[in-house]
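Participant: The residues making up each chain are set out below.
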Amino acid sequence: MKNLVNKYKKDFDELIPGSKSNDMYCFSKSVNINLFLKDLKKIEPNSYKIISKKLISKKQLIDLIGHQMLEAYFLSKKVLKKLKKYEKKKFLEKKYIKDEIKLIKIKKNND
Amino acid sequence: MPKYDFDVIIIGGGVAASVTAYNLSQSKLKIACFEQGYFEKNSSNYKKKKLSFFDYKKMNINPNLRKLESDYLIDDSESDISIANFNALGGSSVLYSAHLPRFLPKDFKEKISKKVFWPITYYDLKKYYDLNEKILGVAGLTGDKTYPDKIRNLMPPIKLGAAIIKITKAFDKLNWHWWPSYSGVVTSKKDKRGLGTITEPNNSYWPMAIKNKVKIFLKSKVIKILCDKNNNATGIKYLNSKKQIKKKTAKIIILASGGLGTPRILLNSKSKNFPNGIANSSGMVGKNLMLHPLGWVEGKFSKFLKSYDGPQGCSIASSQFLTQKNKNFQKGYLIQILREPHPVEQSVIKNKLRKLNFGKKFFDNFFDFYGKTVSAAIICEDLPETKNRLILEQFKKNQNEIPNIKIKYKLSDNSKKMIAHGIKNSIKLMKLAGAKDINSFGPVKHTGWHIMGTARMGVNKKNSVVNKNGRCHDINNLFIVDSSIFTSSSGVNPVSTICALSFKISDYIKENFYEKFS
Numbered sequence: 255m256k257n258l259v260n261k262y263k264k265d266f267d268e269l270i271p272g273s274k275s276n277d278m279y280c281f282s283k284s285v286n287i288n289l290f291l292k293d294l295k296k297i298e299p300n301s302y303k304i305i306s307k308k309l310i311s312k313k314q315l316i317d318l319i320g321h322q323m324l325e326a327y328f329l330s331k332k333v334l335k336k337l338k339k340y341e342k343k344k345f346l347e348k349k350y351i352k353d354e355i356k357l358i359k360i361k362k363n364n365d
Numbered sequence: 055m056p057k058y059d060f061d062v063i064i065i066g067g068g069v070a071a072s073v074t075a076y077n078l079s080q081s082k083l084k085i086a087c088f089e090q091g092y093f094e095k096n097s098s099n100y101k102k103k104k105l106s107f108f109d110y111k112k113m114n115i116n117p118n119l120r121k122l123e124s125d126y127l128i129d130d131s132e133s134d135i136s137i138a139n140f141n142a143l144g145g146s147s148v149l150y151s152a153h154l155p156r157f158l159p160k161d162f163k164e165k166i167s168k169k170v171f172w173p174i175t176y177y178d179l180k181k182y183y184d185l186n187e188k189i190l191g192v193a194g195l196t197g198d199k200t201y202p203d204k205i206r207n208l209m210p211p212i213k214l215g216a217a218i219i220k221i222t223k224a225f226d227k228l229n230w231h232w233w234p235s236y237s238g239v240v241t242s243k244k245d246k247r248g249l250g251t252i253t254e255p256n257n258s259y260w261p262m263a264i265k266n267k268v269k270i271f272l273k274s275k276v277i278k279i280l281c282d283k284n285n286n287a288t289g290i291k292y293l294n295s296k297k298q299i300k301k302k303t304a305k306i307i308i309l310a311s312g313g314l315g316t317p318r319i320l321l322n323s324k325s326k327n328f329p330n331g332i333a334n335s336s337g338m339v340g341k342n343l344m345l346h347p348l349g350w351v352e353g354k355f356s357k358f359l360k361s362y363d364g365p366q367g368c369s370i371a372s373s374q375f376l377t378q379k380n381k382n383f384q385k386g387y388l389i390q391i392l393r394e395p396h397p398v399e400q401s402v403i404k405n406k407l408r409k410l411n412f413g414k415k416f417f418d419n420f421f422d423f424y425g426k427t428v429s430a431a432i433i434c435e436d437l438p439e440t441k442n443r444l445i446l447e448q449f450k451k452n453q454n455e456i457p458n459i460k461i462k463y464k465l466s467d468n469s470k471k472m473i474a475h476g477i478k479n480s481i482k483l484m485k486l487a488g489a490k491d492i493n494s495f496g497p498v499k500h501t502g503w504h505i506m507g508t509a510r511m512g513v514n515k516k517n518s519v520v521n522k523n524g525r526c527h528d529i530n531n532l533f534i535v536d537s538s539i540f541t542s543s544s545g546v547n548p549v550s551t552i553c554a555l556s557f558k559i560s561d562y563i564k565e566n567f568y569e570k571f572s
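Going down the list, the protein sequences come from chains E and V.
Position one of the first sequence corresponds to residue 255 (my numbering), numbered consecutively onward.
Position one of the second sequence corresponds to residue 55 (my numbering), numbered consecutively onward.
Read the hints as simulated data drawn from the structure, not as lab findings.
It should be emphasised that the depicted structure is a prediction, and the values quoted were computed from it without experimental measurement.
Worth double-checking, as some hints may not be accurate.
Some chain V residues close to chain E (C-beta under 7 angstroms, calculated; not the full set) [unchecked claim]: (1) Ala216; (2) Ser401; (3) Phe421.
Built from N, CA and C at the ideal position, the CB exists for glycine as well.
All chains should be modelled from the sequences, with the hints used to inform the complete structure.
Facilitator: Right under this line is the structure:
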């Protein structure tokens with residue numbers, strides 16, 4: 255498994271690279287690749303067999319386990335923490351709460 | 055008098071089974087429930103959606119991909135819509151969106167044909183709808199004119215959020231009805247389940263039924279219902295968790311296995327007296343499959359609106375085109391406004407649509423839509439048609455001695471017209487709300503959640519399977535409580551109506567048990 259992690263770490267990180275401007279981690283900094291491959295072996299044994307037999311290209315990786323990579327990445331606690339940070343920076347909650355209270359009040363009275 | 059193992063056996067562990075077990079458990083009856091699945095600890099609580107990759111994969115909505123031991127394969131190669139379900143205690147509610155509106159009075163009143171109609175009215179179910187909203191826990195706002203009566207047992211409505219507020223303003227400009235969703239979400243601090251918890255059988259009915267000594271057999275697959283020579287149901291044959299074939303007897307058998315599971319067991323319970331399966335003298339078991347065809351419109355706004363914040367399926371809904379007659383199609387559709395899915399789902403969808411590409415621009419793509427999208431789901435009332443059905447795969451018996459099933463379902467012209475109409479209107483709505491980038495498609499393939507009509511209710515033995523009390527016309531002590539007994543489908547989520555019907559039927563059983571079945 256360790257060899258396999260070394261084989262694909264670079265490719266995984268090129269597919270989901272870190273971004274300084276967006277303050278997001280790359281794949282290997284968010285997902286434990288060893289655990290990801292272990293789970294993949296249980297869930298998608300055929301795909302695992304292919305990637306473990308020989309080194310496949312990035313395009314083949316996308317076709318074969320692209321969706322699984324996305325799922326593992328966006329389930330990562332580290333990534334979700336980063337997204338929470340992004341939300342705090344971008345969103346003005348209070349402005350909309352006032353709007354909403356007013357709206358529901360009108361709705362209740364009208365209907 | 056033969057000795058029975060139980061007074062009542064319930065087959066299935068989903069929503070209908072939970073309500074029935076809870077209601078019957080308030081009497082002194084000895085009750086057992088047989089569920090083919092297990093207890094799934096990962097509830098659908100959106101705020102606690104922190105699953106591992108492995109746990110997430112085993113929660114797939116498609117049984118053919120999930121392939122858990124509790125699942126059976128469903129061949130949908132001849133169906134326009136594929137089935138989405140979950141087999142476990144709690145049934146598909148383990149994954150549901152918890153959108154819990156009632157059926158409308160007109161859904162029961164309007165006849166399908168001269169001979170096909172609901173033998174009950176909205177008002178027969180009213181007190182049971184009230185009861186379910188109180189026990190399960192439903193959030194919402196009193197005063198919706200879609201219903202003639204005031205729905206009062208509600209927790210405060212759920213928070214809408216910035217993106218949904220934009221949509222409500224567009225509805226108002228068009229003068230179209232909208233109302234905060236009837237949502238199975240805890241919004242009251244008094245509720246011990248905690249704010250934001252999805253209300254489901256596993257945190258409401260089942261704990262109470264278990265406390266009242268209902269015995270639950272998990273990982274127990276019922277193969278067939280057994281009958282005596284007088285055509286009374288006597289018990290069940292099942293495969294237990296150790297894969298041994300066993301039998302249990304009861305005075306009453308209740309089927310609560312859902313729109314697929316129930317006809318599957320009925321059709322598989324063939325005998326000399328019932329060569330086409332039991333309760334099937336009408337030939338209607340497995341037919342009239344209704345699935346709520348769905349259209350989809352997604353609008354993307356230019357600003358970050360945190361549009362994922364809250365339960366995805368519960369925000370607001372519009373019954374404007376559910377109640378309004380249209381000359382181009384029969385019946386109508388609900389517009390259900392959906393929040394942006396969790397990034398784990400949204401990223402896969404966007405990748406499929408080539409709007410999220412791997413490589414250098416990955417995060418530029420991602421933040422172009424993240425927190426900015428809202429969708430409208432057009433949920434169409436499906437008409438019952440005998441050609442839409444399920445059949446047993448007779449030549450592919452699986453190891454459990456119960457065949458897998460094949461779905462034969464074609465979208466009607468009526469549904470196609472309705473979807474087109476709904477998409478056109480939802481695009482208009484999104485534009486008016488200020489969405490800049492709008493995508494639409496329909497029918498959506500993987501949306502066969504609401505499985506109805508495959509053992510329908512009616513007064514006529516020749517075209518229906520059960521009577522108004524859920525009792526099979528052919529077998530006096532066999533009842534069905536799940537959505538297979540629906541005569542029509544409405545255009546709204548069926549869970550509230552399943553609960554109300556289960557209450558009504560189990561009340562009938564409680565009231566008549568000692569006189570008629572003991």
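Participant: Taking the hints in turn, state whether each one holds.
Facilitator: Structure-based check of each hint:
no.: 1; hint: Ala216; result: holds, 4 angstroms
no.: 2; hint: Ser401; result: holds, 4 angstroms
no.: 3; hint: Phe421; result: holds, 6 angstroms
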